[in-house]
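Chain A is already provided as a structure; the job is to place chain B on it using the hints.
Protein chains: 2
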Amino acid sequence: MHPLLQLPPFINQRMDNSMNSVLLAGAMAGLIGSGVLGAAEPNAAAAKPMLVIHGGAGVERADLNADEEKAARAALEQALRAGHAQLSAGKPALEAVTAAIVVLEDAPMFNAGRGAVFTHDGKNELDAAVMDGASLRAGAVAGVHTVKNPIALARAVMEKSKHVMMVGAGAEAFAKESGTTLVDPSYFRTEKRWQQLQKALKEEAAKQAHSDIETAKHFGTVGAVALDKQGHLAAGTSTGGMTNKRYGRVGDAPIIGAGTYANAHCAVSGTGWGEYYIRAVAAHDICARVQYGGQPLREAAEGVINRDIPKAGGDGGAIALDAKGNIALPFNTEGMYRGWIGADGVPHVAIYKDDKLPEPAAAVN
Amino acid sequence: MHPLLQLPPFINQRMDNSMNSVLLAGAMAGLIGSGVLGAAEPNAAAAKPMLVIHGGAGVERADLNADEEKAARAALEQALRAGHAQLSAGKPALEAVTAAIVVLEDAPMFNAGRGAVFTHDGKNELDAAVMDGASLRAGAVAGVHTVKNPIALARAVMEKSKHVMMVGAGAEAFAKESGTTLVDPSYFRTEKRWQQLQKALKEEAAKQAHSDIETAKHFGTVGAVALDKQGHLAAGTSTGGMTNKRYGRVGDAPIIGAGTYANAHCAVSGTGWGEYYIRAVAAHDICARVQYGGQPLREAAEGVINRDIPKAGGDGGAIALDAKGNIALPFNTEGMYRGWIGADGVPHVAIYKDDKLPEPAAAVN
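Sequences listed follow chains A and B, in order.
Residue 211 in UniProt numbering is what sits at position 211 of the first sequence, and the numbering runs on without skipping anything.
Residue 362 in UniProt numbering is what sits at position 362 of the second sequence, and the numbering runs on without skipping anything.
Everything labelled a hint here was simulated from the structure, so no lab data went into it.
Some hints could be false.
The list cannot tell twin chains apart, which means a pair is met if one copy fits it or any two copies do.
[What the hints assert, rightly or not] Below are the SDA-like pairs computed for lysine to any residue, each with C-alpha atoms no more than 20 Å apart in a straight line:
| no. | residue 1 | residue 2 |
| --- | --- | --- |
| 1 | K160 | Y247 |
| 2 | K160 | K207 |
| 3 | K192 | E204 |
| 4 | K160 | A205 |
| 5 | K229 | A343 |
| 6 | K148 | A173 |
| 7 | K176 | E159 |
| 8 | K162 | K207 |
| 9 | K162 | E203 |
Please read these numbers as outputs of a predicted model, since none were measured by experiment.
One chain only, chain A, in its complex shape (with noise of 0.2 Å):
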């Protein structure tokens, strides 16, 4: 066996103590019904499964036209169905939000797997993390370039390493031991990141100071939070980083605590100018907020996205998902490729600001 492999992995002696209570919980639910223990018990509630997901917050009208704004639509549908379908058979939310990235790494139009953008010297430069809320165990890798769905090599550093984070050259060895799949760097090569990054050293050479402005409209990111019949939480997070970036830069997306955290009651990923939200320990504080100063998540997740980041400069959004099932998507772009599925298995998707999204019926606080 390779030194770089390790068995048995991770070992989490951290039980919550609720877990106990959730199959106790899980048990009596078809006698008494969920929402009654609810209240008392954070995870008792949550015998709903929920998946939320986001494409990026980069979005703007002006980018889509029709036909590639309906296949972006069936791309989030077809993510959803596809963590759905792990949450369902009863899996844990972990599996949820892999298949779910998976597909969104997949498809061309996320800047994330095959879609991601182009850094300064012409690469793609690929970022991801997860984190499973009830053992809290996570994995990350960042500046990856032949890794096909690098979603799944933050798996195997969480599940088949010592580590919790990777870099560049030493993870894609890690990618190569642990069988995570390969791919030619031509294979991230799409002709619209290709000409996004031409446009903007075209604005860089002009006006060098106001680039960065210029072109923090073309980050994005792909994510997805999910809660499982067990009433655990996992969130993932994974991206092509930011048009024009330097080489050896590193966003929120896999920082644990800024773009992606899951604990057990609280799971967030983000979408924004990851600057920001590391300075802001985005995802984490979001969580804080709730466990240690009682706000329902949509406040806290508003006041972290919408009021404190814009506060300091920064933009973008996030999705996150309590242990009851509440759910909330802020965002301060023109709009952010969203969604949400519940235990009936119909996708909700949205786009824009003005998109109608509904809500989901059963959450409380």
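Same frame as chain A, but now just chain B:
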């Protein structure tokens, strides 16, 4: 001008409201004394500068002979004096943190800069991060090999780039462009660290599955948190990583929120088993318990470092400082190089658990 450099640097629109109050309180302090306004205004009582440092929680009695212990104490005192000189001259907390960490990086006995441990491949991979609590600006680097003072490069990323985190060859390229002092990688080769790697490799070969546990005690980090005369906080951390770590692994030190965090209320630098600190978002979680949960600093720091992280299977320590000058130095290992220096300029240092470290006199909650 090279495109990696940027003018003006990251502009921070986030100006804390309490700043005006601090200036006012500072002017009034001579008349009414500190503490009166302090109860109402987090930063107002902070006329007394404070610097707290650590040199890593991995130290054990068996590691040091009497001469080595004496040299370590002298280096800690030198770092405290270097930081204190900045604070007593009225310089920002950020300057004190940087000055103290540069001394610790240059000293060969701490696992950062000169004394960095070796990776599995026999290299020295250096990581560092710095955060300014007043502006919430931050800079971080990971996986650099030729940067004499990684904390200086982290500051350059914060002040001279539009990014927060840069890794590997990209970070090295930025170091060159930003005028950061470079050295030959052999500068970081110290005999004691090389022998530690040989021992770890031998242990690993003998009983591979347990090698991570055996080598975990060889972690180490240096860090500093400071409170300046203006009542502003800053935090910084620098490390050579973990002996025998795999190429490309990133620990908690350069992760904003995990090993390093500062805001207007609280500053933390961690030193421990990085994977557990990342999963706990340790530094930010301590500050969140203070800010949202209303916990005293010491209780918050104890909860994260000495309760949650050991429960998950990790170990280590941290230093924490709030805007009122309260300090906490929790750890759960045999020793932690540590010390503090207050307004009077007298350094206090300790190494092992049973070493007496005096308490600052005037801390309030």
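Each hint, compared with the structure:
no. : hint          : verdict
1   : K160 <-> Y247 : between (28 Å within a copy, 16 Å between copies)
2   : K160 <-> K207 : between (46 Å within a copy, 18 Å between copies)
3   : K192 <-> E204 : within (18 Å within a copy, 48 Å between copies)
4   : K160 <-> A205 : between (44 Å within a copy, 19 Å between copies)
5   : K229 <-> A343 : within (10 Å within a copy, 56 Å between copies)
6   : K148 <-> A173 : within (14 Å within a copy, 27 Å between copies)
7   : K176 <-> E159 : within (15 Å within a copy, 37 Å between copies)
8   : K162 <-> K207 : between (46 Å within a copy, 15 Å between copies)
9   : K162 <-> E203 : between (43 Å within a copy, 16 Å between copies)
Checked against the numbered hints given earlier, the structure satisfies every one of them.
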